[in-house]
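I would like the entire structure built from these sequences, with the hints used as guidance.
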Amino acid sequence: GAVVSQHPSWVICKSGTSVKIECRSLDFQATTMFWYRQFPKQSLMLMATSNEGSKATYEQGVEKDKFLINHASLTLSTLTVTSAHPEDSSFYICSAYRDLAKNIQYFGAGTRLSVL
Amino acid sequence: AQSVTQLGSHVSVSEGALVLLRCNYSSSVPPYLFWYVQYPNQGLQLLLKYTTGATLVKGINGFEAEFKKSETSFHLTKPSAHMSDAAEYFCAVSERGGGNKLTFGTGTQLKVEL
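Each protein sequence line maps, in turn, to chains A and B.
The opening residue of the first sequence carries number 1 in the working numbering; numbering runs sequentially from there.
The opening residue of the second sequence carries number 1001 in the working numbering; numbering runs sequentially from there.
Hints listed in this document are in silico derivations from the structure and should not be mistaken for laboratory results.
Computed cross-link-like contacts, DSS-like style, restricted to lysine-lysine with a CA-CA straight-line distance of at most 25 Å:
1) Lys20(A) to Lys1101(B)
2) Lys1111(B) to Lys1049(B)
3) Lys1049(B) to Lys41(A)
4) Lys41(A) to Lys1111(B)
5) Lys1058(B) to Lys1069(B)
6) Lys66(A) to Lys41(A)
7) Lys1101(B) to Lys1049(B)
8) Lys41(A) to Lys1101(B)
9) Lys64(A) to Lys1101(B)
10) Lys66(A) to Lys1101(B)
11) Lys14(A) to Lys66(A)
On the chain A side, residues computed to face chain B include the following (Cβ under 7 Å):
12) Ser43
13) Leu44
14) Ile93
15) Asn103
16) Phe107
17) Gly108
18) Ala109
19) Gly110
Taking CB as the label site, the calculated pair distances span:
20) Glu52(A) to Glu1113(B): 43 to 49 Å
21) Val1029(B) to Ser83(A): 35 to 41 Å
22) Met45(A) to Gln1045(B): 17 to 23 Å
23) Ser1003(B) to Lys14(A): 35 to 41 Å
24) Met1083(B) to Glu59(A): 34 to 40 Å
25) Met1083(B) to Lys20(A): 35 to 41 Å
26) Leu116(A) to Glu1113(B): 35 to 41 Å
27) Val3(A) to Glu1071(B): 34 to 40 Å
28) Ser114(A) to Gln1045(B): 20 to 26 Å
29) Leu1007(B) to Leu116(A): 36 to 42 Å
All C-beta atoms, glycine included, are put in the ideal place defined by N, C-alpha and C.
Following this line, the structure appears as structure tokens:
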């Protein structure tokens, strides 16, 4: 079946540094990927839609300059949290559609970011 | 605009008992509906989905859900709970032609007791 891989699964960084999270579709090409943020014991909130070869589409309230998304190939999207601060600590999850017609998103295992 | 309401942030059942997790949705167009399960520190796994056709949908691990348009509901059930069913469950909706974006409910934590 379709597999979406995220790396790293857990990252700790100092305040003010930048962190890059990778999302890969392992056995299919994904022209569209999604990035979600999940706070403890809360639901997933869509941050942005990542489109291969074009700019990402951000949801209202999400800072574009803070959360940089690059979708350089059909199998890789990256989310960079720039100048991270403790309030950016969260669980970040990506997803991708293998087959838009079947309308099923496959999710990565998530990345837990802790900013000290 | 679309939204999802999951009644009950925590549900506790005994092993072998019926599981019922409630989900109501709001959508301006015919929706696609989904149930996902999340285990601690993991991503989401699709349990089942409704797009068109039969309103009673069967998924993995013995779960099923029924789409009731008149009640705008998509409740998740399982006849007999197992300890391994303990997890967080999310109901989600996407609108046809809405760019396939998912809107999630706030989740229901299912606890299964001996």
